[in-house]
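**Student:** The residues making up each chain are set out below.
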Amino acid sequence: MTNEIDISILLAGVIAGAAPIVLASLGETVTEKAGLINLSLDGSILLSAMAAFAVALETGSLIAGFFSGAVIGATVAATVAFFSIYLRQSQVAVGFVLTLMTRDLAYFLGNSYSRVPGPQVSPLPIPLLKDIPFFGTVFFSHNLTVYTSLLLIAFCWWYIYRTRAGLELRAVGEHPEAAYSRGISPKKIQMLYAACGGCLVGLAGASFSLCTKPGWGRPQGAEGTGWIALAIVIFGGWHPVKAAAGAYLFSFLQVLGIYLQGIFPSVPAQVFQVAPFPLMIFTLLLMYLAQKESVRMWAENKVWMKAVLKFFSGTAPGALGRAYRQD
Amino acid sequence: MKTFFRHFAEIAVMLAAVFAFTTLILEISGASAMEAYYHIFRGSLGSWVRLGHVIKAWIPMTLCSCGLLCTFRIGLWNIGVEGQMMMGAVFTTYLLRLGAGSNMPVLFLIFAFIAGAAGGGLWAWIAGLLKTKGGVNEIFAGLGMNFVAQGIVLWLIFGLWKRPGIASMSGTELFPPELWLSHLTAVRFSPAALLLALLAVVLTALMLRYTHIGLNLRAIGSNPRAAYLLGLKPGRYILLAMLFAGGLAGIAGTIQVSDVYHRLLPAISSNYGYLSLLVVMLSDYNIRVIPAVAFFFACLNVGSIQLPMMLQLDSSLSGVIQGVLVLATLAVQAWKSEVRN
Numbered sequence: 001m002t003n004e005i006d007i008s009i010l011l012a013g014v015i016a017g018a019a020p021i022v023l024a025s026l027g028e029t030v031t032e033k034a035g036l037i038n039l040s041l042d043g044s045i046l047l048s049a050m051a052a053f054a055v056a057l058e059t060g061s062l063i064a065g066f067f068s069g070a071v072i073g074a075t076v077a078a079t080v081a082f083f084s085i086y087l088r089q090s091q092v093a094v095g096f097v098l099t100l101m102t103r104d105l106a107y108f109l110g111n112s113y114s115r116v117p118g119p120q121v122s123p124l125p126i127p128l129l130k131d132i133p134f135f136g137t138v139f140f141s142h143n144l145t146v147y148t149s150l151l152l153i154a155f156c157w158w159y160i161y162r163t164r165a166g167l168e169l170r171a172v173g174e175h176p177e178a179a180y181s182r183g184i185s186p187k188k189i190q191m192l193y194a195a196c197g198g199c200l201v202g203l204a205g206a207s208f209s210l211c212t213k214p215g216w217g218r219p220q221g222a223e224g225t226g227w228i229a230l231a232i233v234i235f236g237g238w239h240p241v242k243a244a245a246g247a248y249l250f251s252f253l254q255v256l257g258i259y260l261q262g263i264f265p266s267v268p269a270q271v272f273q274v275a276p277f278p279l280m281i282f283t284l285l286l287m288y289l290a291q292k293e294s295v296r297m298w299a300e301n302k303v304w305m306k307a308v309l310k311f312f313s314g315t316a317p318g319a320l321g322r323a324y325r326q327d
Numbered sequence: 001m002k003t004f005f006r007h008f009a010e011i012a013v014m015l016a017a018v019f020a021f022t023t024l025i026l027e028i029s030g031a032s033a034m035e036a037y038y039h040i041f042r043g044s045l046g047s048w049v050r051l052g053h054v055i056k057a058w059i060p061m062t063l064c065s066c067g068l069l070c071t072f073r074i075g076l077w078n079i080g081v082e083g084q085m086m087m088g089a090v091f092t093t094y095l096l097r098l099g100a101g102s103n104m105p106v107l108f109l110i111f112a113f114i115a116g117a118a119g120g121g122l123w124a125w126i127a128g129l130l131k132t133k134g135g136v137n138e139i140f141a142g143l144g145m146n147f148v149a150q151g152i153v154l155w156l157i158f159g160l161w162k163r164p165g166i167a168s169m170s171g172t173e174l175f176p177p178e179l180w181l182s183h184l185t186a187v188r189f190s191p192a193a194l195l196l197a198l199l200a201v202v203l204t205a206l207m208l209r210y211t212h213i214g215l216n217l218r219a220i221g222s223n224p225r226a227a228y229l230l231g232l233k234p235g236r237y238i239l240l241a242m243l244f245a246g247g248l249a250g251i252a253g254t255i256q257v258s259d260v261y262h263r264l265l266p267a268i269s270s271n272y273g274y275l276s277l278l279v280v281m282l283s284d285y286n287i288r289v290i291p292a293v294a295f296f297f298a299c300l301n302v303g304s305i306q307l308p309m310m311l312q313l314d315s316s317l318s319g320v321i322q323g324v325l326v327l328a329t330l331a332v333q334a335w336k337s338e339v340r341n
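Residue numbers (my numbering), protein chains in the order written: chain F, 1 to 327; chain P, 1 to 341.
Worth flagging that the hints you see were computed from the coordinates, not collected in a lab. Values in this document were obtained by computation on a predicted structure and should not be read as measured data. Keep in mind that a hint or two might mislead.
Claimed, not checked - Derived list of chain P stretches under chain F, where covered just means 3 residues or more per stretch with a C-beta under 8 Å from a C-beta of chain F:
1) 20 to 29
2) 133 to 141
Claimed, not checked - BS3-like, lysine-lysine: derived pairs with alpha carbons at most 27 Å apart:
3) P/K133 - P/K233
4) F/K188 - P/K233
5) F/K292 - P/K336
6) F/K242 - F/K292
7) F/K242 - F/K302
8) F/K310 - P/K133
9) F/K302 - P/K133
10) P/K133 - F/K306
11) F/K292 - P/K233
12) P/K336 - F/K187
Just so it is clear, CB atoms sit at the ideal spot from N, CA and C, and this is done for glycine as well.
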């Protein structure tokens, strides 16, 4: 039944469906690179999705919608950062409370926008490029949100690993005390990148309600994405490109799930949604094992095992989750 | 007396802040705030039947909170409590399905409780092992296991245990009434379940305060390195605390299945596991405060069910109030420690 055309359309679907997850994973990667865990992802995606839809509907402007989504995302992330950095409360606690609170706030405030038709991003195939066989369909037949998500992968990588500001960002995440002694202010850097990461998370929410799953409702369809993005950041070893690859893998599994459901009709689609989480635990386990001397000795003359361990040898930013104290 | 007043002032300031925020939110959504509060109050404490519903929500939250107190004491963020509750419910459903049609329903109910505790305990134990042996942070392990548990519940409802005819989100088939926990007719909650929750509060309080286990949990939680040098084995106590928390969460799951819904549902945990984390934080990790806070949360949850019917508002207002309360508490605590320094 499947032929060439079907595969390119399938891959195009994977790339389009993954766009919000890529945005959220990139945002969280940036925040965690600075040493801060923003656990509020799931709720803040929903709240920004709601805000973006409501604003776009009221003003008739999609740009205003995306902008308000980004602002909401940045505000929630900055709240986590502020509580952690300046009020010295547990990041995990604040992030967790916020994820529950913002989700409920989204449902509450969005009640009157439920199941209302609204504006959505229109497709924008790129002329000429879209006519390239196969690749044209896969990469250049989308809308602006998807192109943005593709460009941001490269931009984040370049920014984090190839610029002076990115070096400072990583320094703060690895060792804030050392960064401080080199004249960098960890508190300001963490606040800044929490907000930047939050911005991307907010854009992820906005692209849900204005593009991937247009409209608002309870449930919206974006539920659980935040947790998936958190899992993908770990799976990607805190590397933006690997994280994006993880997002595409997940999107691929989801698309595959639709096909698989035809083969196993008794398994509900939601079960396939679970896949990232065992993978996340497995990744963390392998990362821990890869650091152990005994495991490395054991894998020494097994080429395949060595490759697996090398792939998973990414480590978390040194100061991740540990708030910087300037005493 | 002075400290009492200061404490009182703190709570008053916090409540005023939360009240102001919630009122603002209500005004934004175009509703009358006073009317909303009135309906929440009437919907939760307005009649004996409603109070019975509140107690039904209070029981699982209190059970989970007691367990969470132990894991918090040793310094663990047992976010997996939600999945532990679900696995308790799954194990219970398995046993009650066996018990359907037997002539010893009480025996099967008792075993269902044991199975529930075992299911929750197993899930927590895996997360504990991942932490102690695998170096996996308990938050990520717990979160992952929550979603796996949710997947198992869905798979069972739509696959193995689906209703004859059509499988749906409304859950598995109802158990025969002899496998339900018996109710007091006037208030419609199970005295056995209530007793169990009260017992859990008392036992947790006694254990944490008067036994070596409680002391050691605190010692490891506040300084794992020093505790290790003293000869305590943190790994063993981590597993113990996780087993205890998971067991209690599992029993909460058992009660959700056998007493509240009489079947397995996709949303069997009703978010009570996650809410219990908020309850414990808001109680400032104090067992004497937990039952009261859990009761307040239960009132909000049950009362807000009235909002969609009466005022066309979403019932999630309760979650907003609960979240803002905890945030305000965290801010007040920060301010307090700032003043102290």
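**Student:** Given the hinted pair F/K242 and F/K292, is their alpha-carbon gap at most 27 Å?
**Tutor:** 23 Å, holds
**Student:** Against the 27 Å threshold, does the CA-CA distance of F/K310 and P/K133 hold or violate the hint?
**Tutor:** Holds, at roughly 21 Å.
**Student:** Please work out if P/K336 and F/K187 have their alpha carbons no farther apart than 27 Å.
**Tutor:** Within the cut-off at roughly 21 Å; holds.
**Student:** Within the region 133 to 141 of chain P, is the number of residues with a Cβ closer than 8 Å to a Cβ of chain F three or more?
**Tutor:** This one holds; 7 residues, not fewer than the three required, reach chain F with a Cβ under 8 Å.
**Student:** Quickly compare the C-alpha distance for F/K302 and P/K133 to 27 Å and report which way the hint goes.
**Tutor:** 24 Å, holds
**Student:** With a cut-off of 27 Å on the C-alpha distance, tell me whether P/K133 and P/K233 pass.
**Tutor:** 13 Å, holds
**Student:** Within a Cα-Cα threshold of 27 Å, do F/K292 and P/K336 meet the stated pairing?
**Tutor:** Given that 27 Å is the threshold and the Cα spacing comes to 43 Å, the pair is violated.
**Student:** Are 3 or more residues of the region 20 to 29 of chain P near chain F, judged by a Cβ distance of less than 8 Å?
**Tutor:** Per the Cβ count (3), the hint holds.
**Student:** Between F/K188 and P/K233, does the CA-CA distance stay at or below 27 Å?
**Tutor:** Answer violated: F/K188 to P/K233 is near 40 Å, above 27 Å.
**Student:** If you draw a straight line from the CA of P/K133 to the CA of F/K306, is it 27 Å or shorter?
**Tutor:** 21 Å, holds
**Student:** Keeping to a limit of 27 Å between CA atoms, is the pair of F/K242 and F/K302 held or broken?
**Tutor:** 24 Å, holds
**Student:** Quickly compare the C-alpha distance for F/K292 and P/K233 to 27 Å and report which way the hint goes.
**Tutor:** Status holds; Cα separation ~21 Å.
In the structure shown, a violation is registered for the earlier hints numbered 4 and 5, in ascending order.
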